[in-house]
Amino acid sequence: MVPSSYYLALAAILFSIGLFGVVSKRNILIVFMCIELMLNAANLTFLAFARQSGNMAGHAIAFFVIAVAAAEAAVGLAIVIAIYRTRGTLHMDEVRVLRD
Amino acid sequence: MSALPTPAPARTKTPRLAAIVSVTAAIALPLGLFCVILFATPLLQPALLDGFIRERLHRDPATWYWRDGVYTVALLVLAFVFANFAAIFSGILSWWERRVAGRIQSRIGPNRAGVGGFLVWIADAVKLILKEDLVPAEADQMLFRAAPYFVMVGFILTFVVLPFGESIAVSDMNVGLFFITSITALVVVGILLSGWSSNSKWALFGGMRSAAQVVSYEIPAGLAIMVPVLMAGTLSMQGIIRAQGGLPWQWFIFRNPAAFALFFIFFTSQLAEANRTPFDLPEAESELVAGYLSEYSGFRFALFFLVEWGNLWTMSAIAVTIFLGGWQIPFVPNELYAQLKGTGFPPLAWWGLEAASMLVFAAKTMVLVNVVVWLRWTLPRIRVDQMMSLCWKYLVPVSFACFLFTLLWQIAVAAVPALETAMGVGLTAVSVVLAVLFARQTHRNITAIGDRVDLSNW
Amino acid sequence: MGDRAEMAVFWIFTVPLIAASLGVVVTKNPITAAMSLVGAFFCLAGIYVLLTAHLVAFLQILVYAGAIMVLFLFVIMLLALQEEILGVSRIKVMQGFGALGCVGVFAVIYRAILATGPRMMPQVGEDYGTVKAVGRILFTQYLLPFEATSLLLLVAIVGAVVVAKQRI
Amino acid sequence: MEKLIMRRVHQGGEEMILNFGPQHPSTHGVINFLVETDGEVLRRAVPDVGYLHRSIEKIAETIGYPQFMPYTDRIDYVSAMMANEGWATAIEKMLKVEVPRRAQYLRAIACELCRMASHLVSVGTMATDIGATTPLVHGIRERESINDLLEALCGARLTYNYHRIGGVAFDLPAGWSDKALKFLDHFEKLLGEWDRLISFNEIYVKRLANVAVITREQAINYGLVGPNLRGSGVSFDCRRDAPYGAYADFDFEIPVGKGFRGAVGDAFDRYYVRVLELRESARIVRQALAKMPEGDIMAKVPRKVKPEAGEVLSRVESARGEMGYYVVSDGTDKPYRVHVRTGSFLAMGIIEDLSPGLMVADLVALIASLDVVAPEIDR
Amino acid sequence: MGFQFGAVLAFTVVAIAFAAGGLTIGRLVRPNIPGADKAAIYECGERPIGSAWFNFNPRFYLIALVFVVFEVDIALTFPVVAVYRAWVSHGAATAWVAFSELLLFTLILVVGLVWVWRHGDLEWVKKVETDESAPNGQPSSLAASKRAA
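As they're listed, the protein sequences go chains D, W, V, H and P. Under this note's numbering, think of the first position of the first sequence as 120, with each following residue one higher. Under this note's numbering, think of the first position of the second sequence as 309, with each following residue one higher. Under this note's numbering, think of the first position of the third sequence as 790, with each following residue one higher. Under this note's numbering, think of the first position of the fourth sequence as 86, with each following residue one higher. Under this note's numbering, think of the first position of the fifth sequence as 174, with each following residue one higher.
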C-alpha cells in the first residue's frame, strides 16, 4: 500500500514544476500547459485525500476541475490564436508592450 | 462477364508445397488464434490461474512471495497473444479484402502466393520488413519515429476490453466503453504527429483532415454509445452483452427505435474514425497522394497498415458488442455459463459453450467486416466540408434527439416492459422485410444486364 | 495486488511523470512540450488508477489527452510555431527567482505533508471510484455543479468561437 | 533555378504553395499545378505543362506524310484513332483524294469504338478520382472488349495506325460484325448498370453537382471543345456541324449539359455528357455496320505523297473534342509545318481561372471532368 | 482490480515492444543506402516549395474547439447515464427527476450547438479573400503577369 503522503508529495512536486513554468516561461502556450499541470496537481491532491478518507466527494470535484480545465483551454487557446494572428508573437512581454 | 470472353490464360499450377502450406495456414492460423485466445484468456486470469495451480499443480499461490510476478508474466503472455492476433488477423483481413475487392471489380485479386493468394500478406510483411527505412532529412526525426508507436498502442489497447466470448475478455472493466472512447485519443495524437512531423504538405493535409475527422465523429459515436449504456445500465462491455439476448429481438438495436437509428450513426462514425471509404479523405489517394502516410516506408508504414486493417475487426466487434447482442447464443441464458463452470476448474462442457459463444461473436463480427469492405469498394469519397457538415449538422443533432428519446423510452419501458419486446419483434420483422426487398432488387439488377450470381472461381 | 507491486507501479508511473513535467518547462520546442504533457497525463492517469479512481483516470485521458492536447497540437501546428518565437524569458534573473520561489512553495507544502505524517489508505469497497458510484453522487450531491458545468461549457464554446473567429 | 512559373503565384503570404503533380495520381499524366491554398480552399491553381513534350509536330517536318501516321497515335494515345483520322483527312484534302465509301464507314466504326474506349477511361478515372475505385475497373473491362475488336480489325490495341492516306489499312475480318454486334448488345445494357453503379450515387452527385461551373459564355470564350463545351450547354459537334467522312449518313444525338443534377456546365454535366455519348457512339457503330457498303478500302494515292504547296486545316471530333490539323506544304515530300490543335490543351487554359475558391478535392474533380490527357496537351 | 488495469500496462508494453521489435529485426536485414534524393520530401516529384510547417487555415481549429466542448459533455454525461437505469427503476417520481436533470444538461449543450450553427461556424468558408492581385472578374493570370512585370 502506498501511503497518502507519497501522492501528496508528488502533487506538490507537480505543482511546483507548473508554477516554475508559469513564472519563468514567457510563451503563452507553454504557460497554458503549465497551468494544466498545476490543475492536475490539484486533482491529484483531491483524489489522494478522497482515497484517504474513503469519501468520493473528491472524485466529483476532480470531475469539475477537468471540465473547467477544458473550458479554460478552449477559451485560452482561442485567445492565443487571436493574439498570434494579430500580433504575430506569443511572447508575453511583447504582447504587453504592444497593448498600449 | 464480358460478352467477348477471351480464353482464360492457362492456369499455372501452384507448387504442391506452397499449396499445402497455404491451405494449412488458411485453416490453422485463424483456428489456432481463436483456440489460443479461447484457452489463454480465461486461464491466464488470476481466478482461473489460481484454480489451475491449486487443483492441477497442488500448490497454493496465495502463499507465494512472487505471486504478482506470476500474474505479470501471465498478463504479458496474454498481451503477446492478442498483439499477435491483431497482427495476423489484420494480415488475413487485408488478403480477404483484396480478394473480395477482386470479385467486386470482376478481376481475380491476389493469386500468386499460395492457393488463392493466401500467403500474400506474409509476403507483404516480409517485403515491408526488408524495405529500406527512409526518414526525410527535413522531418522532425524524433516525432516521425514516435508516431507509429502512438497509433499502435492505441490500437492494441482496444483488445484489453474487447470481448470475444462469455468469459473471453482480457479485462471486464467497469469503465469499458469509456476506456475505448478515451484511447482513441492516442490514435488521433499519432496521426496528427505523423502528419506534422513529416514536413510534407501532403502529409500535413492528411494529418489535419484525419485529426479533424476523427475528433468530429467521436461526438456522434460517443452519443450513440450512450444509448446501449442507458439500456444496459452499465459501461462494462460484458455487462452490456449480458443485458441483451441471443435472439435478434433481444438485441439492443431492435429493442428501441432510437437505437436502430443510432446503430447506423455509430457505424458511420466508426467508418470515419477508421478512415474507411467513404471517409478515406486523410489518405485520399487521388487527392493527397497518401495523406499522412506519404513519407512513411518499410516497417513503419506496415505498422500504420496493420492498424488500418486491424481496425476493421475492432470497429465491427464494438458494434456487435453494443448493438448486436455480442456473443449471446440463442436460447442459452446467462446463468447457464455460471452453472456449468461450477466452483473449481471448469469442465469441458463450459469450454465448449465458451467456444460456441466465441464462434457466434466472430461470425457476427465477420458479417460487419464484410459490410465495411463492401462499402469501401462501392462508394466514392466525400469532400472535407461535406464530411464536416454530415457530422455536425446531421449526425450530432440526430444523435442528441435519439439520446433524449431513449431517456423517455427507458421510463416508458420501466412502466410497460412489454413495450420493449413488442418493439423488438416489430423492428426485427421490418428489418427482415427490408433485407428481402434489398436482395430482390439486387437480383433484379444483376439479371437485367444478363449476368448471373456466380460464386465460383475463388 | 500486493503492497510491493503497488509501490513498484507507483514508481513506474511517478518517475516518468516527473520527467515529463520537467520536459514541459525545460524544452524549447512547443511540440516537444506538448508531447511531454501528453506523457505526463498518461502517467497521471496510471496514478489515479492506483488511487482507485477508475472513472477519473479515463476521464483524464479522454479529456486531457484526447481533447485538450489535440487542441494544443492543433494550435501549435496551425500557427507553425517554431523555436525562435518561443524562447524563454530574456530576463534570466526572473528564471532564478522563479526556481527559488517554487522550491520555497514546495518546501512549505512538503513540511505540511510531513507534519500530517504518512497515512495509510483505508480499505474501500468494490464500488469505490467506479462509474456508477461517481454517477450516483453526481446525480444527488453534486447536482447543481453538474448542471452548472453545462452552462460553463456553453459559455466556453460561445466565448472561444467569438474570440477565435476575430481574424479568421 | 527557380521555375519561371513561380512568378505567377503569390509567395510570402499566408497561403501554402505546393506542387500538385507531376507525380500525382490524379493529374492524368505528368502535369504540374502550382497550387496556392489557404487550408483546404484554393486561391489559385496554375497549370505548368510541358513535362511530356516530345516535339511530335517538329518530327512531322523531318519525315514524309505517310510516315507521320504512327506518330499521330502518340498525340493522344487514349483516342489514337481520331488522331489518325485527322491527319488522314488533312492530307486527303491536300491531295484532293476521294476516300472510298467503305473506307469511310470503316473509319467511322473504328473511331466510334475508340471514342467509347476513351470515354470509358475518362468516366472511369473520374470515378476513381472521386474515390470510387470499382467503376474504373468495370470500364476498363469493357474497354478490353473494345480493344479486342480493334485488335482484330487493325492488329493493335492502343496505337492503331489504322488509317492510311486515302483509306484504311485493313478490311473487316470475317465474322467481325457479329462479334461487334454481340458486344454492343451487352454494352448498351451495361450503361444502365453504370448509372446505378456510380452516376447517380448520392455521394458522387454531391461531389460533382454545382462544382466548377463553366457557363456557356465562359466555355465559348475559353475555346473549350468537345464534351467540355457541350457540358456547358453548347450544342456543337464537328461530326454534325462540320461533317466529315461518313457521319452525314448516320442518325445520332448530340448530348448537351442540361444541369442534370445541378447548374448547367458543372462537373457532373461534363461527366454525364460523356456517359450519354457512349450510347450515341454505340448507335453510330450499329448504323455503320448495318449500312456498310461494298467496295475498295483504299483510294488511288500516289506512292510518293507530294502535295502541291499550300495549307490545309482538317477538323475531326476527337474524344476530347475538336481536333484540328493545320498542315503547310511547300511542295516537297515533307510537310513544311504541322500544328495540332487539341482539346486538352484548350481545357487546361480555363483551370487557373476556375480554381479560386475550389477545394483541393474539387480541383481533382475539375481536372477529371475536363478529361485532360497529358500527351495531348504537350504533344 | 489490479489485474484489470495491469492489463492496460501490459498491453502498452507489448504494443511498444511489438513495434520496436519489428523495427529492430528490420534494421538487421534491410538495406541502408542513404542518399540525398531518398531523404528528400515528397512533393509530387518537384522540389518542395518552402516548408510544410506553415500557417494552416484555422478552420480546423474551430472544429477542434467545438469538439472539445462536446467531448467534455459526453465524458461528463457517461457516469450519469450509467446510473440512469437504476434510477428509473426506483419509480416514476425519481425517473422524471433523473430525466429532467439529463434533459437540462443536454439542452444547455444543444443551445451551444445551435448557436454555433446559427453563427455559421459549422459552414466551411469557401469564399476567397479578394486581394489586390486577383480582382474579381478579371482573369488572375493577367493580374499576376502585371505584378511580375
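Rather than coming from a laboratory, the hints here were simulated on the basis of the structure. Keep in mind that the hints are not guaranteed to be accurate.
[To be verified] A few chain P residues facing chain H, derived, Cβ under 10 Å:
(1) A213
(2) E216
(3) P221
(4) F233
(5) W290
Computed from a predicted structure; not experimentally measured. Glycine included, every Cβ here is placed at the ideal spot set by N, Cα and C.
Structure-based check of each hint:
| no. | hint | in the structure |
| --- | --- | --- |
| 1 | A213 | violated, 12 Å |
| 2 | E216 | holds, 5 Å |
| 3 | P221 | holds, 7 Å |
| 4 | F233 | holds, 7 Å |
| 5 | W290 | violated, 20 Å |
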